[in-house]
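S.K.: Here is how the chains run, residue by residue.
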Amino acid sequence: MKKVIMGNHAVSFGAMLSKAEVIAAYPITPQTQIVEELSEMCADGRLNAKFIKVESEHSAMACCIGASAVGARAFTATSSQGLALMHELLHYAAGARLPIVMANINRAMAPAWNIWSDQTDSLSQRDTGWLQFYCESNQEVLDTVIQAFKISEKLLLPSMVILDAFFLSHTYEPVDIPDQAIVDAFLPPWKAEYTLDINNPRAFGALAKPDSYMEMRFDMHRAMEIGKSLAREIDEEFGNVFGRRWGIIEPYRLDQAEIVLVSSGTMASTTRVVVDSLREKGENVGMLKIKMFRPFPAEDVAELLRGRIKVAVMDRNFSFGGGGIWAQEIKSVIYNVEASIRPVVFGYITGLGGRDVKPDVMEEIYFRTKGSDFPESDSIWIGVQL
Amino acid sequence: MSQIKIKEFVPAEEYLASGHLACPGCGASLAMRYALKALGSKTIVVIPACCWSIIAGPYPQTSLSVPLFHTAFETAAAVASGVKAALDIRGNQDITVLAWAGDGGTFDIGIQALSGAAERNEDIIYICYDNEAYMNTGIQRSSATPWGAWTTTTPTARPKSHPKKNIMEIMAAHRIPYAASAAVAYPVDFMEKVKKSKRIRGTRFIHLLSPCPPGWKCADEESIMLTRMAVQSRIFPLYEVENGERYRLSMDHSGSPVKEYIRRQGRFRHLTDKDIDMIQERVNDEWERLLRKVKESEDPE
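Chains as they are written, first to last, in the working numbering: chain Z, 287 to 672; chain H, 277 to 577.
None of these hints come from the bench; they were simulated from the model. Remember, it's a predicted structure, so these values are computed and weren't measured experimentally. Be careful, since some hints might not be right.
Stated by the list, open to error - Now the stretches of chain Z that chain H is said to cover, found in silico as 3 or more residues with beta-carbon under 8 Å:
1. 307-313
2. 328-342
3. 353-365
4. 369-383
5. 487-493
C-beta: ideal position from N, C-alpha, C; glycine also.
Let the sequences and hints guide you as you build the complete structure.
M.R.: This is the structure in C-alpha cells:
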C-alpha cells in the first residue's frame, strides 16, 4: 500500500511493521511526530507495544536497555541534544550487546539553538559501538528501520537510523508500506539467547577486570567487522523480498570519473542532479553516496576511489580542531591505497545548521576541486561570510 | 514484634551466596539477603553503580541466584521500568522487578529517573540502601549525608553543612502507593515491608538505613547496634506512607539521646556538645512533624 507520509512517520511505520515491543521516548524537535504516531499506533491497537513516556532521553535509552535485556524488541527516536544526553547509555547499550534500534533526526547542536539539519549530533556518537545508517528518502527510512532490527539482532549491536531534519523528517513523499505478513517473514520475532531469565539466572554487565574487558571489546570489534557484509546480505535479501535495495554504499556515474563527490543523506539527491548536469557539460565526475558510516565500509570506499584523481567530500558536520568527519574517515581509508593511484582528498564544510546546499554550491565545490592540485586547507568552508 | 522467632519467620532459601565481596559489618549485604528471602526466586534485580556493583562479584561471577542487571549510575528506576515493560508485553506478570540502589544513585544522580518512574507509577520495587555517603568510591558526601558528618569531601574543618535530604517526603509527594523506611537492625520489620510491597501494584519505595563501618568509622561488629540506635533515637524513624497521605509508625521509638548514637561514630568525632544539641533539636522537630502526619492520618478532618 502506498501512502504519502513524512519522513518521521516513515520511521513510525518502520517500527510498527518491525513489531517493536517496548518503545520509550521523549519528544524533541524535529523528531516529535515519530513518537506521536507511535503513541497513536499503540493506543489504537495497530501496534501491540508498551510505550513508556519517560522524563528524558537518558531514561528513554535506559528503558530500552532494560527491555532489550529481557529479550524484547526495543525502539526509540531522538535528535541532537537528546542524542547527546543519551551518550553515556549509547556506550552502555552497545557494551551490553543489546540490539536496540533508534532513529535519530540529524539536527545541529546548541548553542546557538538551531533545529535544522546537521550531522554533528550523530557523528559525535561514532565511537559508541552503534551501527549508523544515513538515509536519503522516506522509503529508505522505513526500509532501513526494518533492516536495522534484523542486522542488530544478528550482531547483538544497536543500530541508529539517521535522517536529515526537515529535508526528510518533515517532507512528504510516497512510501510503499509493505504488508505485515511479508515483514514478519523477513523479520521474525527476536529470540535472544541471553536474557534476564529467572529459570537461568545470570548477571549482566558486572565488573570486568583487565583480564577480560579487552576480549569483550575485541568481540564487539569482530561483530562490527561482520556488520559490513551482513548489512549487505540483509539488504540483498530485503531486495529479493520487497523489490528495493539501498546498498551500504552507492556508486553513481563513477565510470571514468576523475573527480568524485562524496555525499550522504539528502545531500546525495542534489549531488545526483549536479553530477548529471556536469556530465552533460562533459565533466568526468561521479558521486559516492555512503549510507553506512559505522561500521565504515572501508574496503568498498578504497576500491571505488582507487585510481581517481581527486575526491571532494561534502561534510554537513565539523569536528573542531580536526575537520569534516566524513573527510577524515575517507582520508584514513584511502591511506591503504598505493600512493601512485591514491586520489587527493578535498574536505568541504557545507550546510551547517540547515543552510541549504544548493546545486550551485555543489558545482562550486566541484570546480574548486578541479581547479586546484591540492586543497588550500584541511577543511574548506563554503559560503561563510565574515 | 519481639514475640516473632526470626528462625521461623525468615525463609531458609538463600539467594545470596557466601563469598560475596561486602566489607565486614556491611549492612547492605544483609539487607539484600533479607530482601530476596522476602521476594523469592521470581525476582529480577537491577543494580546501578554502587557498593553492590562490587558486592555481587566481578565477571563471570555473581553472588545472587536471581537474574541481575548491572546498569549505569543514574538509571536504576528507568532500566527497571524497561524490564517490567518487556515482562508485561511478554505476558510474565508474576516476576517482581527490584531496583536496588545506594543513596548516591537514589538521592542524587538517580533522582530524576526515580521521580519519572514514580510519576508513571511503574510497577517496580525500589529499595535504596542508604549508607549516607558515596562509600564505594571512598566516602564522599552525598545529599543523604547527615549534617555535621565528616566525609573525604567534607573534611572536619568544613563538615557537611546541609541536612540530609528527606527522600521519604519526596517519594510520598509523588503519591506512590507505598513508601516505607526500614533498617537492617530490624530484619523482620524490613522483610514484612518487602513482602507487603510485593503484594502492592505500582511504585513501591523502601528507604533502608544500612551502615557502612569504614565510612561511619565504627567497629565492624557495631553496625547493627548503631542502626538500632539510629531508630531508637528517632534520628531514623521507621514508618510507612500509603498513597502519600496515610502515615503509620512501624514501632514505638523510645527517644534515646542522639548523643549516644553520634558519639560512637568516628565521622562525627569533631562535633561539639553544642553541635549535638542542635542535632537533637532537629531530630525532635522532625519527630513532631512526623507524629502530626501520623495523627492526621488517624483522624482525618
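S.K.: Does each hint fit the structure? Answer for all of them.
M.R.: We went through each hint and held it up to the structure:
Against chain H, the stretch 307-313 of chain Z contributes 3 residues with a C-beta closer than 8 Å to a partner C-beta. That satisfies the three-residue criterion, and the hint holds. Coverage of the stretch 328-342 of chain Z by chain H holds. Counting CB-CB distances below 8 Å, 8 residues qualify, and the rule asks for three or more. For the stretch 353-365 of chain Z, the proposed coverage by chain H is satisfied: 7 residues have a C-beta within less than 8 Å of a C-beta in that chain, meeting the threshold of three. Residue count for the stretch 369-383 of chain Z with a Cβ under 8 Å from a Cβ of chain H: 3. That meets the three needed, and the coverage hint holds.
Counting residues of the stretch 487-493 of chain Z whose C-beta lies closer than 8 Å to any C-beta of chain H gives 7; at least three are required, and the coverage claim holds.
Every hint from the earlier list agrees with this structure, and none is contradicted.
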